[in-house]
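Given the structure of chain F, go ahead and fit chain E onto it with the hints provided.
Here the protein sequences line up with chains F and E, keeping their order.
Under this note's numbering, the residues of the first sequence are numbered 1 to 92, in order.
Under this note's numbering, the residues of the second sequence are numbered 1 to 144, in order.
By construction, these hints were calculated from the structure, which means they are not laboratory data.
Where hints are given, some of them may not hold.
[What the hints assert, rightly or not] Here are the simulated lysine-lysine pairs, DSS-like style, with alpha carbons at most 30 Å apart:
1) E/K50 to F/K35
2) E/K85 to F/K35
3) E/K77 to F/K50
4) F/K64 to F/K21
5) F/K25 to E/K85
Nothing here was measured: the structure is a model prediction, and the numbers come from that model.
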Amino acid sequence: MPTLLIKNVSEELLSELRRLKKELKCKTWSELLEKLVKHRQRGIFFISNKELKEMEEGKEEFLKLRNVVSEKWVGEPGVLEESRRSRKHVRG
Amino acid sequence: MSWKNLEDPENMYEAKRLLTLDANVFVAALKRDEPHSDERVNILNKVPTKFLLCEPSIVYQEVCGTVARKIDLEAAKHAEQSLSKLIHPLLLITCDKLFYPLYVQGDFKFGKSWWCRAIWYYPRMDPVMIPLWYRGRDLGIEGI
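Only chain E is shown next, with the shape it has when bound in the complex:
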């Protein structure tokens, strides 16, 4: 089960996989001298053609907060506006107490965090989480 585009019959059955990127992945994509920054950009460049982002709402605090601290408020606002376009509202998971029970049942490869909880919100879509330490193809994710 996945996304389907009903307005484009040719691509109607093209499923898009969900990705949950750690906030650090977004930030590392913006900082050119960060190791593997270009790889992070490559991942982002595959959204939305191959992947759609499914993120916990804390992504705003972490990405925009970092940009505000290290750059300025204007840049942080720019980041906020672009993230709002980039992440579909239905795939932005509110980090609240209703969300909490969804993650306690799972066996987590990357530890228990809001980021992993976002993955388990849409288990039937087989989402994948990309942590900061992701290096190329070591997770064996097709298409990245």
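Bound-form chain F, shown alone:
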């Protein structure tokens, strides 16, 4: 089996990995790595600075629509009424 040697692991990261290993009931580090990968979409995953930056851009771009929407859609129907109309049902 291949072996993975990881250098320069900070104390903080090691402490977190130990916690995860215990929490996820892993007997070995390789088992922890496997679980982290498998469970990635269900609660544990990491986010990069690039992804955070992209989210920030997305938010700014979305809010830029505020001017256009507010100019063209004034007054009635309100958001809730429009939503109910599109969903074709009434909710309290």
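Frame of chain F, contents of chain E only:
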């Protein structure tokens, strides 16, 4: 358990809470004369520094559909592109039959809808749903 940013050691252990915003919250943020529109903008402005969005895929249909109906197709496309950046692909929950069983076990404060199901997809992250009727701090959510 939550998100961690491994590229920034100083913020490495800063957990970000998940929010599921009702589609109406997005739309109300865009319509200035809507009651509490500014509050909705304030919530969105805390993404991604404090919160990350976890949304059912129907958010596209509801937000972009509303913008297309009330404004135009170009604005709807703009909304679609920006939502795709704003919501991380792993936090966009596909509304399909595989997703359905995840919500039937829960006790739902806000009723059973796709929006609530998105919350229960990531139960260990302790996500919070913000409905349209959210008014300030009445849900007691720290940080909003």
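Here is how each hint holds up against the structure:
| no. | hint | in the structure |
| --- | --- | --- |
| 1 | E/K50 to F/K35 | 27 Å, holds |
| 2 | E/K85 to F/K35 | 27 Å, holds |
| 3 | E/K77 to F/K50 | 23 Å, holds |
| 4 | F/K64 to F/K21 | 44 Å, violated |
| 5 | F/K25 to E/K85 | 35 Å, violated |
Hints 4, 5 from the list above are not met by this structure, while the remaining hints are.
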